[in-house]
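Undergrad: Add chain B to chain A, keeping to what the hints say.
Chains A and B supply the protein sequences, listed in that same order. Following my numbering, the numbering of the first sequence begins with 124 at its first residue and continues without gaps. Following my numbering, the numbering of the second sequence begins with 24 at its first residue and continues without gaps.
Check the hints yourself; a few may be wrong.
Not everything, but these chain A residues come out facing chain B in the computed CB check (under 8 angstroms) [stated by the list, open to error]:
1) Thr200
2) Phe322
3) Trp349
BS3-like cross-link-like pairs, simulated, lysine-lysine; straight-line CA separation at most 27 angstroms [to be verified]:
4) B:Lys69 to A:Lys330
5) B:Lys80 to A:Lys329
6) B:Lys59 to B:Lys159
7) A:Lys134 to B:Lys159
In short, the hints are calculated from the structure, not lab data. Backbone N, C-alpha and C fix where the C-beta goes; we use that ideal spot for every residue, glycine too.
In case you want the letters, here they are:
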Amino acid sequence: MHLLLLNGSPKGESGNSNYLLQLLLEGVDEIPGHTHEYANLARVKQHSHYVGLFQQADVIVMAFPLYTDMMPGIVKTFIEELEPLCGREDNPALGFIIQSGFPESVQLRALEAYLEKLARRLGCRYVGTALRGGGGNVRSMPAFMAKKVTENMHALGRSLGKTGEFDPEVIRRFALSEKMPLPQLWFMGTFGDRMARAFFWHREMKKNGAYERREAQPYALPPEGW
Amino acid sequence: MKICVLNGNSDPTSTDFDAYVSRFCEVATERGHDVKVLQLRDMDIKYCIGCFGCWVKTPGECIARDESAEVCRTALHADLLICASPVKMGQVSALTKKTLDKLIPLVLPYFTIRQGEIHHPQRYEQTRDLALLLQKDGADEEDLAIIERSFRRMCINFDSSFRCLKLTDEPVEEVVDALVAA
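So here's chain A without its partners, still in its complex pose (with noise of 0.2 angstroms):
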């Protein structure tokens, strides 16, 4: 199997897709045989090579984080590249990896419709998408959380490398809840928003000196004739 990572999200290399998909590939790599290329969707200009890698590769896993509900627009732009390859026989298949700092995985449920969808209108098979909410930064997270992911990451790998697919089972173990439940949403509402801003926001806006300005309304004022 010649495996195409493409990581969508728009920090590159130093976005939690990029973590995410090594660890995946670390697991891919437990099964011998495979071969494997890699591309950064943030290089918008190298989206024409990446059609090309996409026509070649057997299997595509493409992760990306979730913004304003829906795809990032590096991804959407590259999306519109591949549409000459709809309905080609010859397509890869394809499956996704997408997270969203939201922690409840109700929120990726409409992105993963579309991605579903996607791959039917290109004619890939569909590998399935592992989707799970509370992503933040993976290597930021408590060990015990990183060390979750990191295991249902390799086990999306090996059986990726196994199969050719994702194994239902890793999916539904690596999504966090749908919606949470109510005492943990009040919790994550109250103290758990309280410790955000304390422990990160705060910090990263008094480290720019932009702390005092934090819910400054800059656009106040109307546009011209309104």
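TA: Just chain B now, with coordinates in the frame of chain A:
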């Protein structure tokens, strides 16, 4: 009513779509609405790179200093935001999507609970309705349902109400009535 139309047609040779949007704006104006159209393909809008700069460096503004500032300001002060786009590969155009990513300065980075889910609080008090005006370009009912579902979710994040999805194969007067009806 103040209406902001984001024309996300990236193809200048696809004049039918632009002509429909122009006619739509004329009819809405004739009916007493105040319409601003932003022709996105003529604007300098950079891709969002997920740097969080609009939250932690220049709060409320993209650090790229492109024309997304005009999009944010106009969308913010509209009573109705209409995303007008040809359907491309089953979703609004990449030009539209790139632009929607740049609305993030309108929310704060923090968490709040909305409709039983975690979302971002709004940076401003104003809210607006959102509607879709789409050119089908081969899209089927499933595509349209997925697009509407995506935008209904976006409305939760921006504390907006989803008004409706209309297609450019319908008479423009009827579409105006449907989209701008209070």
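Undergrad: Hint by hint, work out which the structure violates, then give me just those numbers in ascending order.
TA: Hints 2 and 7 contradicted; others consistent.
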